[in-house]
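Starting from the known structure of chain A, arrange chain B on it as the hints suggest.
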Amino acid sequence: MDLQPGTFAFEAWTARYALWRGLWATITTSSFSIVFATLAGLIFGVALTYGWWPLRLLVRLYVDFMRGMPVLVLILFTYYGLALFQVNVAPYWAGVFALAGFATAHVAENLRGAVQSVPAGQMEAAKAIGLSFPKRLWYVIVPQAIRRMLPPWVNTCLEIVKGTTLLSVIGVVELLLATQQVIARNYMVIDFYLLACGIYLVVNFCIAQIGAALERRFSYIRY
Amino acid sequence: MIQYYFDWSVIWRNADRFAYALGLGLSLAVISLFIGSVIGIACAMARVYGARWLSWPVWLYVEFIRNTPLLLLVFFVYFGLPELDISYLDKTQSFILTLSLYAGAYMTEVFRAGLASIPKSYTEAAKAIGLRPWQRQRYVVLPVMFRITLPAFSNNLISLFKDTSLAAAIAIPELTFVARQINANTFRVMESWLAASALYLVTCYVIASALRRLERRYAAIR
Numbered sequence: 000m001d002l003q004p005g006t007f008a009f010e011a012w013t014a015r016y017a018l019w020r021g022l023w024a025t026i027t028t029s030s031f032s033i034v035f036a037t038l039a040g041l042i043f044g045v046a047l048t049y050g051w052w053p054l055r056l057l058v059r060l061y062v063d064f065m066r067g068m069p070v071l072v073l074i075l076f077t078y079y080g081l082a083l084f085q086v087n088v089a090p091y092w093a094g095v096f097a098l099a100g101f102a103t104a105h106v107a108e109n110l111r112g113a114v115q116s117v118p119a120g121q122m123e124a125a126k127a128i129g130l131s132f133p134k135r136l137w138y139v140i141v142p143q144a145i146r147r148m149l150p151p152w153v154n155t156c157l158e159i160v161k162g163t164t165l166l167s168v169i170g171v172v173e174l175l176l177a178t179q180q181v182i183a184r185n186y187m188v189i190d191f192y193l194l195a196c197g198i199y200l201v202v203n204f205c206i207a208q209i210g211a212a213l214e215r216r217f218s219y220i221r222y
Numbered sequence: 000m001i002q003y004y005f006d007w008s009v010i011w012r013n014a015d016r017f018a019y020a021l022g023l024g025l026s027l028a029v030i031s032l033f034i035g036s037v038i039g040i041a042c043a044m045a046r047v048y049g050a051r052w053l054s055w056p057v058w059l060y061v062e063f064i065r066n067t068p069l070l071l072l073v074f075f076v077y078f079g080l081p082e083l084d085i086s087y088l089d090k091t092q093s094f095i096l097t098l099s100l101y102a103g104a105y106m107t108e109v110f111r112a113g114l115a116s117i118p119k120s121y122t123e124a125a126k127a128i129g130l131r132p133w134q135r136q137r138y139v140v141l142p143v144m145f146r147i148t149l150p151a152f153s154n155n156l157i158s159l160f161k162d163t164s165l166a167a168a169i170a171i172p173e174l175t176f177v178a179r180q181i182n183a184n185t186f187r188v189m190e191s192w193l194a195a196s197a198l199y200l201v202t203c204y205v206i207a208s209a210l211r212r213l214e215r216r217y218a219a220i221r
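Chains as they are written, first to last, in numbering that gives the first Met the number 0: chain A, 0 to 222; chain B, 0 to 221.
Chain A on its own, in the form it takes in the complex (with noise of 0.2 angstroms):
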């Protein structure tokens, strides 16, 4: 293959540092956002399911307020926010925080709506035979919720990684920022969107492909 300037596979692969760069700040990103927020979601979300009802409207609002809101706002709002609290983040970290609370209202959410799901007997009868709250929580209504849990936590990881490229709006270089910057550098415009494009189709087949397995991993339970 003959690499001549100009032509697309050498503006590639002259870029491919750089694009490499932005492919992994989505890949960092996305998964301390999904990280971050499925511990935080599991956690608001058994506040939001059993908590005492101060906790739970605190959460419910909590939840309400994060999923009204557009993510670039609140992206842009916790990153000039943060700066006037003098808490000195970079952006990368403003942009995790960010996606990691939006995307905890939606597992808190998700989780909510997998435990009520399971049949009220089961938890009746942990009850019965003595199993305290975490141990009934832990052995008798997480092995039945998750299976309804996982699709749309699966969802919610591909919006995280497609929410990433909003961080491109606070200066994070990640992959959309990286493809604008090449872009800049050799006006290749249909090329390159195209190849981000790729690239982001998949990252997102991957993620769906490991859901497609958990949820084959989880697919004991039947009711």
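Everything labelled a hint here was simulated from the structure, so no lab data went into it. Among the clues, some could well be false.
[As the list claims (entries may be wrong)] Quick look at which bits of chain B chain A covers, simulated, 3 or more residues with Cβ under 8 angstroms:
{"id": "1", "stretch": "73-80"}
{"id": "2", "stretch": "192-201"}
[As the list claims (entries may be wrong)] Where chain B lies over chain A, by a calculated footprint (3+ residues, C-beta under 8 angstroms):
{"id": "3", "stretch": "35-48"}
{"id": "4", "stretch": "65-71"}
{"id": "5", "stretch": "164-176"}
{"id": "6", "stretch": "179-189"}
{"id": "7", "stretch": "195-206"}
Note that the structure is a prediction, hence the values are computed from the model and not measured. Here a beta-carbon is modelled for each residue, glycine too, at the ideal position from N, C-alpha and C.
Only chain B this time, still in chain A's reference frame:
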């Protein structure tokens, strides 16, 4: 902890811009939902009743749109189309085009599910009383499908309204753009973003409750 003094006069001075921005965002969402629904119906029909050569391009379109970030699509249409010598779209039109294509993919899925959930006996009954194929669609299938898909409609409208915030990235003066500009010009960080968030929240809430009322009125016949 620093002291922060709220100064809401900035917001009141710019109330007209906020109002205009809110109207612009809403109209972008409504127009895109409308065009997207037309695309969605056509594609769902192609998917459900069409031949194989018709249904797999639709599948490709839906999967492509649903797995690419919206912001990338916005830039792709806004910066990419002029390279193909399609340069007569201004930024608002290009954003509406993007959002319509985006909504179209989601509405295709919604309508496809709606069509699939219509009991087969409906079309059989329509056939039995001698309706022609297009009459069956027009008088029996589509009205029922719209009632079934009404909740998904309102969900989509709300999420499209939230997605109009991305128009700020190509300098369309909607809510996010205005909030960002006021933030940059006056340094009233909290006020500008709180005002924008509150407007988004209240609008989403109003849309949701208004449409829920509509849903109750036209609830699907079971």
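Going through the numbered hints above, which ones does this structure break? Give me the numbers in ascending order.
Hint 3 contradicted; others consistent.
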